[in-house]
Structure formats: structure tokens, C-alpha cells
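As you go down the protein sequences, you meet chains A and B in turn. Per this note's numbering, residue 1 is the first one in the first sequence, and the count goes up by one each step. Per this note's numbering, residue 1001 is the first one in the second sequence, and the count goes up by one each step.
Calculated directly from the structure, the hints in this document are not laboratory data. As the structure is a prediction and not an experimental result, all values here were calculated from the model. Treat each hint with caution, since some may be false.
[Claimed, not checked] In the SDA-like style, the derived pairs of lysine to any residue whose C-alpha atoms are separated by at most 20 Å in a straight line are:
1) 1107/B x 82/A
2) 44/A x 1008/B
3) 1052/B x 1040/B
4) 57/A x 1099/B
5) 14/A x 106/A
6) 1107/B x 62/A
7) 1099/B x 1027/B
8) 57/A x 38/A
9) 1099/B x 14/A
10) 1107/B x 88/A
11) 14/A x 62/A
12) 1099/B x 49/A
13) 44/A x 1052/B
14) 44/A x 1069/B
15) 1077/B x 50/A
[To be verified] A few chain B positions that, by computed beta-carbon distances, are all more than 10 Å from chain A:
16) 1018
17) 1024
18) 1044
19) 1049
20) 1054
21) 1062
22) 1069
23) 1081
24) 1084
25) 1099
26) 1104
[To be verified] If the Cβ cut is set under 10 Å, some of the chain A residues that face chain B in the computed set are:
27) 4
28) 35
29) 37
30) 64
31) 94
32) 109
33) 113
The beta carbon of each residue, even a glycine, is placed where N, CA and C say it ideally should be.
As a plain string of letters, each chain reads:
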Amino acid sequence: NAGVTQTPKFRILKIGQSMTLQCAQDMNHNYMYWYRQDPGMGLKLIYYSVGAGITDKGEVPNGYNVSRSTTEYFPLRLELAAPSQTSVYFCASSLTHRQPNNSPLHFGNGTRLTVT
Amino acid sequence: GDSVTQMEGPVTLSEEAFLTINCTYTATGYPSLFWYVQYPGEGLQLLLKATKADDKGSNKGFEATYRKETTSFHLEKGSVQVSDSAVYFCALSDYNFNKFYFGSGTKLNVKP
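Work out the full structure, taking the sequences as your base and the hints as a guide.
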């Protein structure tokens, strides 16, 4: 059972370059999320999706775009990389349960991105 | 809006010492509460959860009780091991949209 798979694990970008961070889950979860984790900080939500074709902004969406054409995949796009986007990016997924069985997040192992 | 505040680290303990990591929250409605653990180079893993007031979550010797009156969800372990060294995150998920809010994380170092 693979769970949540993220690629690549590491990437170095030059300012102004673009890239796509890949995320796939095989648990048939409807909800998917992108977080960034800056050194010594907690996680900040970038974008999330409640199902295929539906996405919405989180706390820090500027400079990013997402798409959700299928349940399994939720790629994150950086169009014009900036040094402020240097971070570790985590993709996560969860079931759609609401209370009382609110389901936990399942995380990938992260992508470490450096923009210079 | 919803938020989570947890004690700053790092926390350094000797093996077999008692651990407490404080976590308080602000939320509307009735959130679920979680503790996640992150080992070096890995993603976060669920450690334990509680979905309603007075529930106690437990796993691997760790415990936390959902206290609505004090809006707290403190993590405890009676006897820590070197293998417990990691970063611990307190989190809540809101009632309506299954969005998660994380604290800033507390790094635990356990010395032999």
C-alpha cells in the first residue's frame, strides 16, 4: 500500500523558473492538501481539494496553482519561482468524514525545494 | 479563525523522564484534535486523536485528553525513549470543511 507519493524528493530552481510538484494517492481519498513547512515553523496550507474538479485556496496560495482532474492526482504548480518559496512541501489526503469520525491526514514524505 | 498554539522547543529530556508538551486551541464549533509526529526526513504521521470533549487519545505510550473547558490537548508520556526524538505537532480539524490547522511543532530530544 503506497499511500501518498510525492515526487521529486529534492529540487533546486533558479529564480523565475517553473516546476510542478507531483502528488498521488491510492487510498481513494476525496480530500487532498498541499502544505509548506518553513524551517522551525509549522505547516501552512497552500491549496486543498474536496474532490476531482474542485479546488480552493488555503492560507498562503500566492505564487502557486493546482489542478485536480482525477481523485488520485493533485499536482502543485510554481510558475515563477522566488526565493520566498524555498521550503519543504507536503502533500496529504484524507477521507470525507465529518464529525464524530473526522478522519486524519495521511502525508507524503515531502519535496525539499530550494530557489536561488 | 481557528488556530493552535503549542509550547516552543526544543525540549531535551533524559531517557525514562516524563514528557508533557502543551497545546491549546481556538475553534468555533466542535473540532477534532490530533497529535502528529515527524521523524527526520519524513512526512508527518498520526500519533493519536480525540474527536469530542473528554475523549482520551492514546498510542505507543503517549496520551492526550480533549479538555473543552480549558481548550487544551496536552501530550504526555510517562517514560520517554531515545527513539521518541522527533518533532511533535498539535492539530485540529474544523467541523465543516475538514480543514486542518497545525501548531508550530515542538522538537523533542531524548538523551540516553
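- Query: Which earlier hints can't be squared with this structure?
  - Reply: Per hint list: 1, 3, 5, 6, 9, 13, 14, 15, 18, 19, 25, 26, 30, 33 violated.
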